[in-house]
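Undergrad: Here's the letter readout for the chains.
2 protein chains.
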Amino acid sequence: MLFRIDPTLNETLFAQLVTQVRLAVAQGALQHGERLPAARELAASLDLNVHTVLRAYQLLRDDGLIELRRGRGAIVTARPAADHANLLAAIDEVVREARALRFSPEATATLLKEAFSS
Amino acid sequence: MLFRIDPTLNETLFAQLVTQVRLAVAQGALQHGERLPAARELAASLDLNVHTVLRAYQLLRDDGLIELRRGRGAIVTARPAADHANLLAAIDEVVREARALRFSPEATATLLKEAFSS
DNA sequence: TACTTGTTCTATCTACACTAGAACAAGCAT
DNA sequence: ATGCTTGTTCTAGTGTAGATAGAACAAGTA
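Residue numbers (the numbering used here), protein chains in the order written: chain U, 80 to 197; chain G, 80 to 197.
I should point out that these hints are in silico values taken from the structure, not numbers from a laboratory.
A few of these clues could be false.
As the list makes no split between identical chains, a pair holds if one copy fits it or if it spans any two.
[What the hints assert, rightly or not] Simulated crosslink set (DMTMM-like; lysine to aspartate or glutamate; CA at most 25 Å straight-line): (1) Lys192 with Glu120; (2) Lys192 with Asp142; (3) Lys192 with Glu172; (4) Lys192 with Asp85; (5) Lys192 with Asp126; (6) Lys192 with Asp171; (7) Lys192 with Glu90; (8) Lys192 with Asp141; (9) Lys192 with Glu113.
Make a model of the complete structure from these sequences and hints.
TA: Next up, the structure:
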């Protein structure tokens with residue numbers, strides 16, 4: 080299990096980690112029952128603060144993807160999503176339409192977020 | 080031309096304004112050559128600071144949607160997009176799929192931008 | 001018992017959004 | 001020409017959130 084964190088992106092560090100774990104689970108790269116690295120360990124390898132990693136872990140727990148236990152770590156409880164491909168296909172369609180309208184990636188992302196909040 | 084700004088949303092105030100102008104232009108609600116309200120005026124009616132409105136205007140200018148001239152205001156230079164409906168429909172589909180997978184708006188936007196650059 | 005690991009707490013630093021006020025420059029109307 | 005409108009630029013203050021840091025603590029494991 081390897082994660083990549085890019086501090087230069089607009090997305091926050093803990094959100095990036097959440098996204099990558101979510102994707103790994105959705106794609107089946109992280110199996111049900113599998114254990115994530117300990118927060119301190121992952122923080123060291125990603126050059127992050129422990130609290131940042133724990134924040135991501137707690138968000139994932141609140142969303143029901145993992146289970147957290149002291150002395151035991153973070154265990155994946157979610158099952159891989161069958162329709163993960165649907166999302167990627169839908170995204171491809173958006174990119175196609177946006178390019179046709181000469182919308183920038185940022186503008187399109189903004190429209191997407193707007194659609195989310197309505 | 081009426082804009083709605085919601086300070087409780089995660090999206091920043093100036094970004095909300097940018098999005099709404101962009102949508103209005105794409106939908107033809109704001110015609111080519113039409114004039115946007117003066118920054119001081121719009122700020123007053125939206126209960127925003129002038130600088131916040133001007134920041135949005137300058138972003139729109141940098142994207143080529145409007146033209147800014149002192150003493151004259153902000154004039155729309157962009158043409159309405161022909162089939163923006165397809166884009167909005169595609170975006171709705173993405174939002175639906177993303178919500179089903181419990182993807183956050185930010186996570187989905189990140190996926191979108193990745194799809195753009197590939 | 002010793003070690004691991006998540007939990008909780010306080011504290012600090014930084015970046016960014018937003019607000020605020022002022023002076024200035026370009027264009028318009030009379 | 002004069003005065004008004006409007007964007008431009010500048011400095012500065014405030015609030016919030018992300019990230020870092022360190023410590024003590026609790027639950028589970030070996």
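Undergrad: Is the C-alpha distance from Lys192 to Asp85 at most 25 Å within one copy, between copies, in both cases, or in neither?
TA: Classified as both: same-chain Cα gap 21 Å, cross-chain 14 Å, threshold 25 Å.
Undergrad: First find the shortest C-alpha distance between Lys192 and Glu120 inside one copy, then the shortest across copies, and answer within, between, both or neither for a cut-off of 25 Å.
TA: For Lys192 and Glu120, neither the intra-copy (33 Å) nor the inter-copy (27 Å) Cα distance is at most 25 Å.
Undergrad: Between copies, within a copy, both or neither: which fits Lys192 and Glu113 at Cα up to 25 Å?
TA: Neither: 31 Å inside a copy, 27 Å across copies.
Undergrad: Is it within, between, both, or neither for Lys192 and Asp126, if the alpha carbons may be no more than 25 Å apart?
TA: between (29 Å within a copy, 23 Å between copies)
Undergrad: When no copy is specified for Lys192 and Asp141, does a C-alpha distance of 25 Å or less occur within a copy, between copies, both, or neither?
TA: both (20 Å within a copy, 21 Å between copies)
Undergrad: Can you tell me if Lys192 and Glu90 fall within 25 Å by alpha carbon in one copy, between copies, both or neither?
TA: both (13 Å within a copy, 8 Å between copies)
Undergrad: Could you place Lys192 and Glu172 in one of the four classes (within, between, both, neither) given a Cα distance threshold of 25 Å?
TA: So Lys192 and Glu172 pass the 25 Å test inside a copy (16 Å) and across (13 Å) alike.
Undergrad: My question is about Lys192 and Asp142: at a cut-off of 25 Å on alpha-carbon distance, are they close within one copy, between copies, both, or neither?
TA: Both, since 17 Å and 19 Å are each at most 25 Å.
Undergrad: Within a copy, between copies, both or neither: where do Lys192 and Asp171 come within 25 Å Cα-Cα?
TA: both (16 Å within a copy, 11 Å between copies)
Violated hints, listed in ascending order, are 1 and 9; each of the other numbered hints is respected by the structure.
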